[in-house]
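Colleague: The chain contents come next:
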Amino acid sequence: MKPAPAYEIHSLVHAYDGKTVLEIPQLEIPAGEICALFGPNGSGKTTLLSILALLLRPSAGSVHLRGVEATGGRESQRLRRQVTLIHQKPVLFTTTVWNNVSYGLRALGLPAQEIKARVGAMLEKLELSSLAQRQARKLSGGEAQRVVLARGLVLETPILLLDEPTSFLDDSFLPLLFDMLKQANQSRGVTILVTTHDLEFISSLYHRIYCLDGGKIVPLETTKDMK
Amino acid sequence: MSDLGNALKEAIGLILSADREMTTVVSASLRFSLSSTLLAAVIGIPAGIALASSRMRFKRIIEDILNTLLAMPTVVVGLFVYTLIFSQGPLGNLRLLFSPTAIILGQTVLILPLIAALSCSAVSLIQPIVRETAMTLGAGRFRAALTLAAEARAALMVACITAFGRVIGEVGISLLLGGNILGYTRTITTAVALQTSKGEFAFGLALGMILLCVAFAVTLALRLLGGGKS
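Chains A and B are the protein sequences, given in the same order. Take the first sequence: its position 227, counted from the start at 1, is 227 in my numbering, and no numbers get skipped. Take the second sequence: its position 175, counted from the start at 1, is 402 in my numbering, and no numbers get skipped.
Wrong hints could be hidden among the right ones.
Using 20 Å as the maximum straight-line C-alpha spacing, the simulated SDA-like pairs for lysine to any residue come out as follows [claimed, not checked]:
| no. | chain 1 | residue 1 | chain 2 | residue 2 |
| --- | --- | --- | --- | --- |
| 1 | A | Lys182 | A | Asp171 |
| 2 | A | Lys138 | B | Val357 |
| 3 | A | Lys89 | B | Ile353 |
| 4 | A | Lys89 | B | Ala381 |
| 5 | A | Lys116 | A | Phe93 |
| 6 | A | Lys125 | A | Gln186 |
| 7 | A | Lys89 | B | Gln354 |
| 8 | A | Lys216 | A | Lys89 |
| 9 | A | Lys89 | B | Lys425 |
| 10 | A | Lys138 | B | Gln354 |
| 11 | B | Lys425 | B | Leu235 |
| 12 | A | Lys116 | A | Lys89 |
| 13 | A | Lys89 | B | Ser351 |
| 14 | A | Lys89 | B | Pro355 |
| 15 | A | Lys138 | B | Ala377 |
| 16 | A | Lys138 | B | Ala381 |
| 17 | B | Lys286 | A | Asp17 |
| 18 | A | Lys138 | B | Arg380 |
With the Cβ distance kept under 7 Å, some of the chain A side facing chain B (calculated, not the full set) [what the hints assert, rightly or not]:
| no. | residue |
| --- | --- |
| 19 | Leu55 |
| 20 | Gln77 |
| 21 | Arg81 |
| 22 | Leu85 |
| 23 | Tyr103 |
| 24 | Ala107 |
Hint data in this document are derived by calculation from the structure and do not stem from the laboratory. We put the beta carbon where it would ideally sit given N, CA and C, even for glycine.
Take the sequences, apply the hints, and build the full model.
Modeller: Pasting the structure below:
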């Protein structure tokens, strides 16, 4: 049986102060694909990601996440736990690196042993083990970026949304990020949506690309083989 | 000047001799003030966070009301609580008047708006992205609120310190609701009022100095507590 799409959007409209910033009649993001959302600054990419992360309710229209309509309230909270959004301007909580990375797993109420194992493995993968007990706000820019990524990736949600990762990640770190995204997609079938205004960086990765301009979305290219 | 000099001497003498009356009133003041600050914090901090996070229609009006209540004179709060707990009041059968509970209740009513308003303001200064980050990491509303509180903990501690300062130095509520009963409801401030009415200015000033020392020690302790690592 074909899995439900990661997202189905119908007649979505979002407006701020009476001005329409997003208008998407229909959009389907298939499960298990890596998609790029391309568009200039101010085209509505971040607003769309906030809606897809169920942090923002659209002014009109519906969003189905893996076949279930997001209607708000407790149901949305349950659905939200299937999605991880890594913001363009990430923030770290004022606590240790370990507490930052384990935050989501603790929120899910996982057993302490499992949290320890998953956080430990993720910190090691991102070369952060030696910083585990360091205050997150005292890290260098590059280290903080890796902590933000570790905190999102450790959740292993079926959907991962990244908002302009090139704007907050060092170039030297991008190959490792690509490997991790590719691995998550291939081994666990994670659906990944990356917004960018720089297609170059993700060209080796994506299956599908959407272009967002003036709040309207158009598919530019359909599935291609992963390079 | 001579009164101040005598007061200083007397204050030092009282502290060194561990005067019984002084220790009783200091202990009562501390108990009442810390209890009311704790009680108001338990109610006021969550209320302030909820108000800061809400998008309700009348949010601004509620904030304005809270800010207006900050100007409420202690004696008016005392009178308000008095009408509730005096023998014919709605809570008269609880027999709270002239008891420590009445003072704590009155002081809590006094500083509740202060803590709520300052908490609301502290949390409002935290960027919305912090709450969004918590929620996208799987936190529900309650955990997200706790995260906001943790991020604003230094400012929340300042709110508690300010509230403590307001209650330890108030006299209207303690006098009206406590009755200034030695060994039971007499606090530093009501003792100062009594000494002053008897013309014992030096002793009154000495108690005032002790009050400042106590307030300083508690403020320091609370600040150190707030600055601790999470």
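Colleague: Going straight from one Cα to the other, do Lys138/A and Ala377/B come out at no more than 20 Å?
Modeller: holds, 17 Å
Colleague: Min Cβ distance, Ala107/A to chain B: is it shorter than 7 Å?
Modeller: At about 4 Å, which falls below the 7 Å cut-off, the nearest Cβ of chain B leaves the hint on Ala107/A intact, so it holds.
Colleague: Just to be careful, I want the Cα atoms of Lys89/A and Pro355/B compared with a cutoff of 20 Å; is the pair within it?
Modeller: holds, 12 Å
Colleague: Is the straight-line distance between the alpha-carbon of Lys116/A and that of Phe93/A 20 Å or less?
Modeller: holds, 19 Å
Colleague: Can the restraint linking Lys89/A and Ala381/B be considered satisfied, given a maximum Cα separation of 20 Å?
Modeller: Measuring from Cα to Cα gives roughly 23 Å; hence the hint is violated.
Colleague: Within 20 Å, alpha carbon to alpha carbon, are Lys425/B and Leu235/B?
Modeller: At roughly 19 Å apart (the allowed maximum being 20 Å), Leu235/B and Lys425/B satisfy the hint.
Colleague: Next pair to validate is Lys89/A with Ser351/B; report whether the Cα-Cα distance is within 20 Å.
Modeller: Since the Cα atoms of Lys89/A and Ser351/B sit roughly 19 Å apart, the hinted pair holds (cutoff 20 Å).
Colleague: Do the alpha carbons of Lys286/B and Asp17/A lie within 20 Å of each other, as the hint requires?
Modeller: OK: Lys286/B and Asp17/A at ~19 Å, within 20 Å.
Colleague: Could you grab the alpha-carbon distance between Lys125/A and Gln186/A and see if it respects the 20 Å cut-off?
Modeller: At roughly 18 Å apart (the allowed maximum being 20 Å), Gln186/A and Lys125/A satisfy the hint.
Colleague: Going straight from one Cα to the other, do Lys138/A and Ala381/B come out at no more than 20 Å?
Modeller: The hint holds at about 17 Å.
Colleague: For the restraint on Arg81/A, tell me whether the closest CB of chain B is nearer than 7 Å.
Modeller: Since chain B brings a Cβ to about 5 Å from Arg81/A, closer than 7 Å, the hint holds.
Colleague: For the pair supplied as a hint, Lys89/A and Lys425/B, is the alpha-carbon distance within the 20 Å limit?
Modeller: It is violated: about 65 Å lies between the C-alpha atoms, which goes past 20 Å.
Going through the hint list in order, the structure does not satisfy hints 4, 8, 9, 12.
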